[in-house]
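> Here are the chains, one letter per residue:
Number of protein chains: 2
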Amino acid sequence: MTDSLTAPAGPGAVAAPHPDGGPGPGPADGHEARTLLARARAAVDPALRSALESLPAPLRRVALHHFGWEHPGGAADGSPGGPGPADDARGRAGGPGGAGKAIRPALVLAAARAFGGEKAEAASVPAAAAVEVVHNFTLLHDDLMDRDTTRRHRPTAWTVFGDADAVLTGDALHALAQRILARDPHPASLTATARIADCVVELCAGQQADTALERRQPTEVALDEVFAMAEAKTGALLGCACAIGGLYAGAPAADVEALDGFGREAGLAFQLIDDIMGIWGDPLRTGKPAGADLAARKKSLPVVAALTSGTPAAAELAELYALPYDGGDLDPAIRAVERAGGRTWAQERAATHMARATRELARALPDPERAAGLLSLAAFVTRRTT
Amino acid sequence: MTDSLTAPAGPGAVAAPHPDGGPGPGPADGHEARTLLARARAAVDPALRSALESLPAPLRRVALHHFGWEHPGGAADGSPGGPGPADDARGRAGGPGGAGKAIRPALVLAAARAFGGEKAEAASVPAAAAVEVVHNFTLLHDDLMDRDTTRRHRPTAWTVFGDADAVLTGDALHALAQRILARDPHPASLTATARIADCVVELCAGQQADTALERRQPTEVALDEVFAMAEAKTGALLGCACAIGGLYAGAPAADVEALDGFGREAGLAFQLIDDIMGIWGDPLRTGKPAGADLAARKKSLPVVAALTSGTPAAAELAELYALPYDGGDLDPAIRAVERAGGRTWAQERAATHMARATRELARALPDPERAAGLLSLAAFVTRRTT
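Note that the protein sequences, when read in sequence, are chains E and W.
No gaps in the numbering here: position 251 of the first sequence is 251 in the working numbering, and each next residue is one more.
No gaps in the numbering here: position 99 of the second sequence is 99 in the working numbering, and each next residue is one more.
Chain E extracted, bound-state conformation:
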């Protein structure tokens, strides 16, 4: 469910200014966010590459494939990875290579900078790298469990190397993340390790809830359950990234928790927007056909909101969802979600969560100038998909 949050941010994928506003504040052109993402990618890539290089060869090749770094002509020369001319040249939004758009490391660095300036930002690079490794370990395992075949425009690791190597490389990456923190002499590294461990448990619970929801009847799923799953699966690590940045900058405990809340709320706003895109998104921008989530009978937030709306359209949608997709016209289902209020509800809820995110952030960083970096990142991940 976090595809567009983890896809490479190649030039083609960058959001144009949203025509009708969209949730969240921040510069309309996303320039600041793109700068922060590129800086984060450049800052953490050396640590990521050196961690991956330390793996035994059979696991290293799986990890390099997963990060999109094994291609000759890619960034395997040690230069900063991520989007660039090499990706551009291969065409398509975001390009076929690249290690993703480093939103989580960027949140760590931006939070550290907001509380401790450049010095704290520089000191938090290992923690930012650890968070990115954790994220990638969970993606590797999630792709296997979900039997997803494509990630970042490339075949997923399990399809290339088999189930066992995908499980083992994920486990090894998880261990690498700990090692990066355990070897980091920063006084906050132990607290960060504990916080990441708690977050991984929550990520696992979120993925477990997601796979369990997949097996349930659509009409048996409550909206609260889907929110709880989305917060655990998407919000928790965004919150953890912000909190760790604060920890590394020596922020007070209450501010660290406010940073965590900011990331979680932004994550929920992102998930709602992503779910909207899964139904009404422009295929040219999402890379998926319109209504893709409905064809897959996904119990996304707008769908469950529609199903539980008590409207005549809800009954109609439930009837459609009771049968597997037959390859036919998706318009009746799309219209049913819309008539049941699913789209409006999701847009309003996304705005609500972005407002909450902004409020949480203001608790920790009342000075708008210091909050600007984090806000621009939150606005970018929510706006770019609308």
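There could be a bad hint or two in this list.
To be verified - Simulated coverage check for chain E against chain W, where a stretch passes if three residues somewhere in it have a Cβ under 8 Å from a Cβ of chain W:
| no. | region |
| --- | --- |
| 1 | 163-173 |
| 2 | 208-215 |
| 3 | 269-277 |
Claimed, not checked - Using C-beta positions, here's what the derived DEER-type ranges look like:
| no. | chain 1 | residue 1 | chain 2 | residue 2 | range |
| --- | --- | --- | --- | --- | --- |
| 4 | W | Ala42 | E | Leu323 | 52 to 58 Å |
| 5 | E | Pro56 | W | Glu118 | 54 to 60 Å |
| 6 | W | Ala42 | E | Ala228 | 44 to 50 Å |
| 7 | W | Gln217 | E | Asp148 | 29 to 35 Å |
| 8 | W | Glu214 | E | Arg147 | 21 to 27 Å |
Stated by the list, open to error - So these bits of chain W aren't anywhere near chain E, every CB distance computed over 10 Å:
| no. | residue |
| --- | --- |
| 9 | Gly117 |
| 10 | Asp148 |
| 11 | Ala212 |
| 12 | Tyr325 |
| 13 | Trp345 |
| 14 | Arg363 |
| 15 | Ala371 |
What the hints contain is simulated information worked out from the structure, not anything from laboratory work.
Model, not experiment: these values are computed from the prediction.
Each residue gets a CB set at the ideal place from its N, CA and C atoms; glycine is no exception.
Go by the hints and put chain W onto chain E.
Relative to chain E, chain W alone:
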């Protein structure tokens, strides 16, 4: 391959004195080792149970099943788990329940005690629990990858809860192990965390090598590869356990490395003995039919030694191994390994590795009285399976 090293040590499973000596020193009746194992079980179980209780419910039930703690009438009341009257009453060697025989935590505690007495031993309990949790996370994932259906006389987690829940619960246990260490105020906890992370990478590499070896032609496998795999898969965590006990007792770096070497060598001795048992073991004691490893066409150490012996029996064995087992008489294969020298070689190599283990330990602990606990544990895990 670590079945008998991880099986519950119920009364029925305890080794009788070995008739013809067997490798390794230590008291012949294993009394001291059994006492240490029971003490380790009692010491770490509260930490393990409290860690498991902290998991979200859907992951907790998988973890409790894996540890053998979910049965009413078992030890789910919070009392120390492991073998006891409840297991006994259910019959069979070791009983159907129980969390295993705690060899790794016992090694942590014994090493800490040897270097720092009772106080250091008590302080190392969280580290011992973390090592045991790491061990169990790898078992959970290995069972899934190997499609093993039985562990500790009970159905494996993936057969009961499915692949996704097995992967996720393993991941969550891995995170719990880090959290136990990260929340441990002991000054050695950060170093221990890094050491465990390195060990997990090695365990993953060992399991990867094992699954890769399974796919290769028997005649294409070199003995060195099997040894490297066994050291990574079995020796590394035994070495890590001993090293962490030393770290927690403030042992000098050279002694910590000697402890690691002791555990690794003991692990190799164990693996050789276990492989001998997989071919010539008494079915009543191994719980497997005689020749089980040959029926499964396993590339165990005695088999590869036989295949690479250059003897006429090697060619005969290669011919038998070229075909899948047809359910017929295993005696020709058993005799071929024996005539090719596989059994004698394995017995001699096991003795060599136990001698090396003893030598490593003497480097760190020249006083035999202080070394006695660790030696008795090493003797126990190697002797009990002969």
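> For each hint, tell me whether it holds in the structure or not.
Tested hints:
Closer than 8 Å: that is the beta-carbon criterion, and the region 163-173 of chain E has 9 residues meeting it against chain W, so the requirement of 3 holds. Here the region 208-215 of chain E counts 4 residues with a CB under 8 Å from a CB of chain W, which clears the bar of 3, and the coverage holds. Counting residues of the region 269-277 of chain E whose beta carbon lies closer than 8 Å to any beta carbon of chain W gives 0, which falls below the threshold of three, so the coverage claim is violated. Ala42 (chain W) and Leu323 (chain E) have their C-beta atoms about 56 Å apart, which keeps the hinted 52 to 58 Å range intact.
A C-beta distance of roughly 39 Å is found between Pro56 (chain E) and Glu118 (chain W), which places it outside the suggested range of 54 to 60 Å. The beta-carbon spacing between Ala42 (chain W) and Ala228 (chain E), approximately 37 Å, falls outside the hinted interval of 44 to 50 Å. Checked against the hint of 29 to 35 Å, the C-beta distance between Gln217 (chain W) and Asp148 (chain E) comes to roughly 33 Å, which is consistent with it. In this structure the hint that Glu214 (chain W) and Arg147 (chain E) lie 21 to 27 Å apart at CB holds, the actual value being about 23 Å.
Remark: the non-interface label on Gly117 (chain W) is consistent with the geometry, its nearest Cβ contact in chain E lying 26 Å away (cut-off 10 Å). The Cβ of Asp148 (chain W) sits about 13 Å from the closest Cβ of chain E, beyond the 10 Å cut-off, so the non-interface label holds. Separation of Ala212 (chain W) from chain E is inadequate, the least Cβ-Cβ distance of about 7 Å not exceeding the 10 Å criterion. In this structure Tyr325 (chain W) is separated from chain E by more than 10 Å, as the shortest Cβ-Cβ distance comes to about 22 Å.
In this structure Trp345 (chain W) is separated from chain E by more than 10 Å, as the shortest Cβ-Cβ distance comes to about 27 Å. Distance check on Arg363 (chain W): its Cβ is at least 26 Å (rounded) from any Cβ of chain E, clearing the 10 Å threshold; non-interface status holds. Annotated as non-interface, Ala371 (chain W) keeps its C-beta farther than 10 Å from every C-beta of chain E; the closest such distance is 29 Å.
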